[in-house]
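Undergrad: Protein chains in written order, with this note's numbering: chain A, 4 to 91; chain B, 35 to 323.
Don't take each hint at face value.
So, partial list: chain A residues that the calculated Cβ filter (under 7 Å) puts toward chain B [stated by the list, open to error]:
#1 Asn-16
#2 Ser-17
#3 Gly-18
#4 Ala-21
#5 Lys-22
#6 Arg-24
#7 Leu-25
#8 Val-28
#9 Leu-29
Rather than coming from a laboratory, the hints here were simulated on the basis of the structure. Computed from a prediction, not measured in an experiment: that's the story for all the values here. The C-beta atom is built at its ideal place from N, Cα and C for all residues, glycine as well.
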Amino acid sequence: MGFFDKLFGGSKNSGSVAKERLQVVLIQDRVKMPPGTMNKIRDEIIEVISKYVDIDTEGMEISLTKSARQSRLVADIPILRSRQNGRR
Amino acid sequence: MNFFAFFILLPSPFCLKLERTWIIMSATIMTITSGKGGVGKTTATANLSAALAAKGYKVVAIDADIGLRNLDVVMGLENRVVYDLVDVVDGVCRIKQAMIRDKRIEGLYLIPAAQTRDKNAVSPEDMIALCDQLRDDFDFVLIDSPAGIEQGFKNAVAPADKVIIITTPEVAAVRDADRIIGLIEAEEQGPGELIINRLRPDMIKRGDMIGIEDVLDILAIDLLGVVPDDESIITSTNRGVPATMENHSVASQAFKNVATRITGETVPFLDLETQETFLQKLSKFFSSL
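Chain A on its own, in the form it takes in the complex (with noise of 0.2 Å):
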């Protein structure tokens, strides 16, 4: 990290950013899950909640977690409306 990044606090410290990649990676090496299935599970997970309440895709977080060695998959859905009792 250089000495300017430091200075406006523009990058993350490569250690963090080493831990979130390998994070990442050994989720999929441990699940056997290719790249793209998040996206699908993604696209997937709104589709079927959409069918029941308006939700804000662009705030949708879906990541893959790790506690000791179990996986763990959490999405977290803000949601603008119930579509059938409108604004209640």
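Assemble the complex: chain A is given as a structure, and chain B must be docked to it using the hints.
TA: Coordinates of chain B only, in the frame set by chain A:
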């Protein structure tokens, strides 16, 4: 704004861990492996073997990297190789004839790898049979595994009571270590114990290296030791004298600590990341080289 969150648990491929039980057991057979090459398997094998022998244990180091013999030069015993591992397996010689006695430390022996054969010259069953022959005569058998996950790795791991995984705090090395942990768990020989090699506390402090806690977090296995990056390892390898045999460098001390932990004693970990005093000592040490 409402948030709708849900969790899906993915089935972990690692469920059952069965402990291997041995009826007759004197020697502990330990395999040092890593997946990735060049992270320090051979160096660790040489240094741990020497450190254990220096503690008074009877130790034999086996080079299982057939075709790429290296442990003999790292230990400085290359001029005394007559027979090798494949000769023993093929019945060309007796196991005792292939063992080179290290004259510098009482109770240290090496069985070198064959240089002119390939990994298929030995099977996992051969390795188990060979190690069983050594059990009664030794306290520790240390096997230096070749890199990779093929035949040579399988040969090296098959007889192990305990697998030691060595990695460096780098993306590629940690990824390979994870793969190895998965494989040995699948063979019910896991989860193994971890040595983090070639750590640079100064880089961790700057945030430019993955830290010890991060590596442990990712790999989720027990830590056996942390060995800092140290020029003394290169200079001692140049001379063919394992660092634990001659000097008092940080890496040498770290390997000695690992050896002590292997014997069942508890040694506190050198807190390389946070202890200011130690860091100062370490940087003094580095600048004095």
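Undergrad: The structure should be examined with respect to each hint, and the outcome stated for every one.
TA: Tested hints:
no., hint, in the structure
1, Asn-16, "3 Å, holds"
2, Ser-17, "5 Å, holds"
3, Gly-18, "5 Å, holds"
4, Ala-21, "5 Å, holds"
5, Lys-22, "5 Å, holds"
6, Arg-24, "6 Å, holds"
7, Leu-25, "5 Å, holds"
8, Val-28, "6 Å, holds"
9, Leu-29, "5 Å, holds"
Violation of the numbered hints given earlier is absent; every hint is satisfied by the structure.
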